[in-house]
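In case you want the letters, here they are:
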Amino acid sequence: MIQIRNARKWYAEEVKIGPLNIEIPKAGITALIGPNGAGKSTTLLMIGRLLNIDEGQILVANMDVTTTKSRDLAKMLTILRQENHFVTRLTVRQLVGFGRFPHSQGRLTREDEEIISKYIDFLELTDLEHRFLDELSGGQRQRAYVAMVLCQETEYVLLDEPLNNLDIARAVQMMEHLRRAANEFGRTIVVVLHDINFAAKYADRICAMKHGQIAAFGTVQDIMKPELLSDIFETKIEIIEGPYGPIAVY
Amino acid sequence: MSVLDSGHGTAKPEADAGPRVRSGRRCTGAFRSAKEARRYWMLLAALVALGIIASLGLLLYNNPVPVDSPSFIPVVKRRLTAVVSMFIAALCHSFATVAFQSVTSNRIITPSLLGYEALYSVINTSTLYFFGATVFVRFIGTGSFLLQMALMIAVSLILYGWLLTGKYGNLHLMLLVGIIIGTGLNSVSGFMRRLLAPSEFDLLQSRLIGSVTNAKPEYFPIAIPIVAAAVFLLYAFSRKLNVLALGKDAATTFGVKYQASILYALVLVAVLMSVSTSLIGPLTFFGFLVAMLSYQAAQTYDHRYVFPMAFAIGYAILTGAYFILYHMLNSATVVSVVIELIGGILFLTVLLRKRSL
Numbered sequence: 001m002i003q004i005r006n007a008r009k010w011y012a013e014e015v016k017i018g019p020l021n022i023e024i025p026k027a028g029i030t031a032l033i034g035p036n037g038a039g040k041s042t043t044l045l046m047i048g049r050l051l052n053i054d055e056g057q058i059l060v061a062n063m064d065v066t067t068t069k070s071r072d073l074a075k076m077l078t079i080l081r082q083e084n085h086f087v088t089r090l091t092v093r094q095l096v097g098f099g100r101f102p103h104s105q106g107r108l109t110r111e112d113e114e115i116i117s118k119y120i121d122f123l124e125l126t127d128l129e130h131r132f133l134d135e136l137s138g139g140q141r142q143r144a145y146v147a148m149v150l151c152q153e154t155e156y157v158l159l160d161e162p163l164n165n166l167d168i169a170r171a172v173q174m175m176e177h178l179r180r181a182a183n184e185f186g187r188t189i190v191v192v193l194h195d196i197n198f199a200a201k202y203a204d205r206i207c208a209m210k211h212g213q214i215a216a217f218g219t220v221q222d223i224m225k226p227e228l229l230s231d232i233f234e235t236k237i238e239i240i241e242g243p244y245g246p247i248a249v250y
Numbered sequence: 001m002s003v004l005d006s007g008h009g010t011a012k013p014e015a016d017a018g019p020r021v022r023s024g025r026r027c028t029g030a031f032r033s034a035k036e037a038r039r040y041w042m043l044l045a046a047l048v049a050l051g052i053i054a055s056l057g058l059l060l061y062n063n064p065v066p067v068d069s070p071s072f073i074p075v076v077k078r079r080l081t082a083v084v085s086m087f088i089a090a091l092c093h094s095f096a097t098v099a100f101q102s103v104t105s106n107r108i109i110t111p112s113l114l115g116y117e118a119l120y121s122v123i124n125t126s127t128l129y130f131f132g133a134t135v136f137v138r139f140i141g142t143g144s145f146l147l148q149m150a151l152m153i154a155v156s157l158i159l160y161g162w163l164l165t166g167k168y169g170n171l172h173l174m175l176l177v178g179i180i181i182g183t184g185l186n187s188v189s190g191f192m193r194r195l196l197a198p199s200e201f202d203l204l205q206s207r208l209i210g211s212v213t214n215a216k217p218e219y220f221p222i223a224i225p226i227v228a229a230a231v232f233l234l235y236a237f238s239r240k241l242n243v244l245a246l247g248k249d250a251a252t253t254f255g256v257k258y259q260a261s262i263l264y265a266l267v268l269v270a271v272l273m274s275v276s277t278s279l280i281g282p283l284t285f286f287g288f289l290v291a292m293l294s295y296q297a298a299q300t301y302d303h304r305y306v307f308p309m310a311f312a313i314g315y316a317i318l319t320g321a322y323f324i325l326y327h328m329l330n331s332a333t334v335v336s337v338v339i340e341l342i343g344g345i346l347f348l349t350v351l352l353r354k355r356s357l
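Chains as they are written, first to last, in my numbering: chain A, 1 to 250; chain B, 1 to 357.
Just chain A, same shape as in the assembly (with noise of 0.2 Å):
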């Protein structure tokens, strides 16, 4: 469980984010949505502590955020940001075993390469394992970052907006993916999207945040509403019943 008491982040006098307090259930996947500036990422990013909360406290499986150990984080929580800087000459599978760096501290053992090579097949990178990073698409090179923090065999893993740039038939590929992490390797998968069709289709909860603050948090049905969604986008949204579940139209 992901527990979230009275965290704050102050940007500015008038770009404040908090008080945020909300508890994220084990399992599943819960996806961030929101307008642009509402803090999802700053939300993702404080739960990853790749960004100092200014006041209040996060816990991940009843360990703080901030006085924990990083090195036991790194066993228990992963996050991707969205734009990652990437090494020229590092292949495929040397950077899926990076994510195994918390457990072996760079010297891989029999048992990380199977771990390796379970994740890299898993995102169906089988055949580029061996490219150098510079030589992949941009959605290949999506996929090789997610088989990496995948690979870190983390409980909870977080995701920052890991569709941007993805075509859809990439993105629909990247959800499916995630999908079948949660449900076959048991993780919970907090990701931030911002195609709230995407979010209903394929996540179990849905945090939507509005001005630096939670505006609501539910399964896909609760927050599927015409009325709620209108608010927090500020636009006209509509919901239809489609094959697959609710559909926003807008």
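Hints may be right or wrong, so weigh each one.
Claimed, not checked - Pairs of lysine to aspartate or glutamate residues, derived as EDC-like cross-links and limited to a Cα-Cα distance of at most 16 Å, are as follows: (1) B:K248 with A:E83; (2) A:K26 with A:D204; (3) A:K118 with A:E184; (4) B:K257 with A:D72; (5) A:K75 with A:D112.
Calculated from the structure, these hints are not laboratory results.
Start from chain A and add chain B according to the hints.
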């Protein structure tokens, strides 16, 4: 090979992915393939051989006394000083630059940016300016060497301590401040130099251009253990450096204490740069040249392999350049000028064609 059974969600295309032969276990080496690993070791062996040949050439070639003469060995011993200082300089610059570039996740900067060389030039210029030529000429020896080294390490520690920890905690801010301090110090020494008499300026100039002839054998008992320790610690830090090169966020995600780790690496870099600069003087682009070539030659991200390659390249370049210029072109003093020229041109080329980084 796949641990997962198919039949879930999306189809798995790897079954028909072609007859890619994968004999035995799949594993994650530092190199892409066995062929690249072989190429690495062959290149490394060739560079080491080149370095050894050039050093033997420097020691033995064109010896004015015959081999059987009793004064043959003293001549070799005197030449050995230069070779040892080349060894130290190559070690310092290669390790310091590669580590510095990885820690800053930036391959177009060199640790010289932090103002070691500017500080060295200020120390020397101000000695001459304030105390005159007699003191300046005597301002060599273990005392002055230790003083310069200690000052440079102290300044970088203050810089790191101030800007890397606490409320700033920002690497780029530190680099920027380092560059500005360096430029400031350079202008100060430039100003003092302008007021010197031509004869004094000539004395100074020889010390401000990096040269192995600046080194004195009595510095070695201090310099060698310090360099050996710093190099050993940096090499032992290789696996962490691999992660740090991925950037702050990735390193934190993998449980590396980012601030503490970069501080540790930068202190070692400061030690190496200070020893090298106080030993032979400034070599701004040498480290950059070596690091750039070693990435191309090593074809791996892994510091355990990049470091030895960088050192082998650095040593081969230094000894090779000295041998050619000294024994074939009879102009020993311009070695560092030539190295800086080539390094500077390469720096500009890389900067303008950043894609090939």
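Tell me the numbers of any earlier hints that the structure contravenes, in ascending order.
Going through the list in order, the structure violates no hint and respects every one.
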